[in-house]
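Undergrad: One letter stands for each residue in the lines below.
Number of protein chains: 2
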Amino acid sequence: MTADHGFVLALSGGIGGAKLALGLSRVLPPGTLMVVANTGDDFEHLGLQISPDLDTLLYTLGGIDNPETGWGRRDETWTFMGALEALGGETWFKLGDGDLATHVERTRRRRAGESLSAITDDFRHRLRISSRLLPMSDDPVRTRLLTDEGWLDFQDYFVRRRCAPSVRTIVFDGAGAARPQPDFVAALADADLRMVVICPSNPLISIDPILALEGVRDALRACRAPVVAVSPIIDGRAVKGPTAKMMAELGMPVDAGSVARHYRDILDHYIIDEADLAGVGGLDAATTVTRTLMENIADREALARVVLMAGQGV
Amino acid sequence: MTADHGFVLALSGGIGGAKLALGLSRVLPPGTLMVVANTGDDFEHLGLQISPDLDTLLYTLGGIDNPETGWGRRDETWTFMGALEALGGETWFKLGDGDLATHVERTRRRRAGESLSAITDDFRHRLRISSRLLPMSDDPVRTRLLTDEGWLDFQDYFVRRRCAPSVRTIVFDGAGAARPQPDFVAALADADLRMVVICPSNPLISIDPILALEGVRDALRACRAPVVAVSPIIDGRAVKGPTAKMMAELGMPVDAGSVARHYRDILDHYIIDEADLAGVGGLDAATTVTRTLMENIADREALARVVLMAGQGV
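From first to last, the protein sequence lines are chains D and Y.
Counting from 1, one number per residue, gives the positions in the first sequence under this note's numbering.
Counting from 315, one number per residue, gives the positions in the second sequence under this note's numbering.
By construction, these hints were calculated from the structure, which means they are not laboratory data.
Yeah, the Cβ is synthetic: ideal placement off N, Cα and C, and Gly gets one too.
There could be a bad hint or two in this list.
Stated by the list, open to error - Derived pair list, reagent style EDC-like, types lysine to aspartate or glutamate, alpha-carbon separation capped at 20 angstroms:
1) D:K94 with Y:E390
2) D:K240 with D:D192
3) Y:K408 with Y:E382
4) Y:K554 with Y:D582
5) D:K94 with D:E76
6) Y:K408 with D:E295
Said to hold, decoys possible - Computed list of chain D residues with no C-beta within reach of chain Y, every gap over 12 angstroms:
7) F7
8) D235
9) K245
10) A248
11) Q312
Said to hold, decoys possible - One side only, chain Y facing chain D, incomplete, derived with CB under 7 angstroms:
12) G361
13) T391
14) T393
15) F407
16) D411
17) A415
18) F437
19) I580
20) V603
Same shape as in the complex, but just chain D (with noise of 0.2 angstroms):
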């Protein structure tokens, strides 16, 4: 990726995914990133509309995010919430005083007829963000899971629920009818894509959610730019979140190997954690070892370098 011209597309949920994404963008010529976020998770909560995974995308690659917690924004204040109780408001959905910025602007917008993605555009570039950054699609998707308790929507039960009940079928409502955003198909097939890079999200809410858009897997599959995923376990265990947990209830091995099965089908190049070795034989995919842990700022161009690294060698 020093060549001059070309652009990277990278798949991405929200705080694993936002952490590569970051490393992409800074190790990228400014403007030749472009991320997709998953909308799956996005809900109404308050009567805002809040998209998760873009906020935290947007945070991210604005330099605005919580280090501590990984979502939200640094620097913020609790007003809001701890009035919203006093007035017996709910308050199991935790929103920083300058996150509501975001989802009460997003939600007037929305309301005057802008759809998500020339809002997000336009919040990036307020946030000065270079790296284009797009909702998988402007029309609305939202993940549902069947578990022990019921049927549960991705909030309640990722949230509220805290992924305590166990997961035995996900489903994506609306994927069959929404359509990619447009800038997201054109790129697939636009010859400057350099490479296709798939972040070390949930396999199974964030990055599923996208591949399950109309012909997004097909144009992945005949995509000409290599795909490249980054394994988002390492040591049989997931970072941060429900990812283990889940694999485990829906019968899948809990390992590097599982989550590159998973795509199999339009995978070229896997990038698994040291520690994960012995989980990845059999695979048609090249594959690299390297440290997949982003810590810190470094840990993140790192993984981004050996990422573009292997997308030119495939």
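Position chain Y relative to chain D; hints supplied.
TA: Here is chain Y on its own, set in the frame of chain D:
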């Protein structure tokens, strides 16, 4: 008002009215004050339904008002406004982080079908306010002003343009069709009603919208309980806000007598400041002269006691 039954009804706008309402609530037995608030200033902003006078009353009666501004909450933070500005949102109307909770939760509940009255009553209970607090109506009434710059919505005139345009006409859109809040109407005919207090609010934009509701002025005229008004003019000036400027622009002499004449068909007793004795000759109403400036809690309680005594002596 030392009787162990009966109640007092106060008509109020925002800041000045709320000060007297607080005084009344502190000197009357708990639960014997009903405050009816102007909602002509209500508007929708950023997709949120905002009721400035109700909120000022809620915060003042709840002891969480901002003593420096008179509006908004104490111990407020402003993270939301800063973040909104960075995203290109409208920032001419200042919404504190805690204040936002009121608007977000009220808007959510209004959209879910609850009335403004029911929500306000729940909020005042949660803020441990023993006085009843009612919007003048659950139907929309919107104050609009014809100025030398054309028609302006109230908040455009009041906040965005800082009352700079010269006012020619004031209308209360919807007042003809809006039903006065039923408990307000019932209170005016209640045998236990001891007194109606018109707070020292702007007569033209805070009290007139209430009086413009179908049947209210007639009910006040017919009311057996005395109607006591407190002059919002002190020494020929308004304590705060555009009262004096608007009166002058509409051709009213800027003095305490002018406000009394504005209420003359409903007024039984008028309370003026010591500085305004000259301007109240020839009134039909009984008049009490006292210190009306409310700089602290003791002032509010003292004025409230004068008001209650005046009402007893009518």
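Undergrad: State the violated hints by number, sorted upward, taking the hints as numbered earlier in the document.
TA: 2, 4, 6, 15, 19, 20
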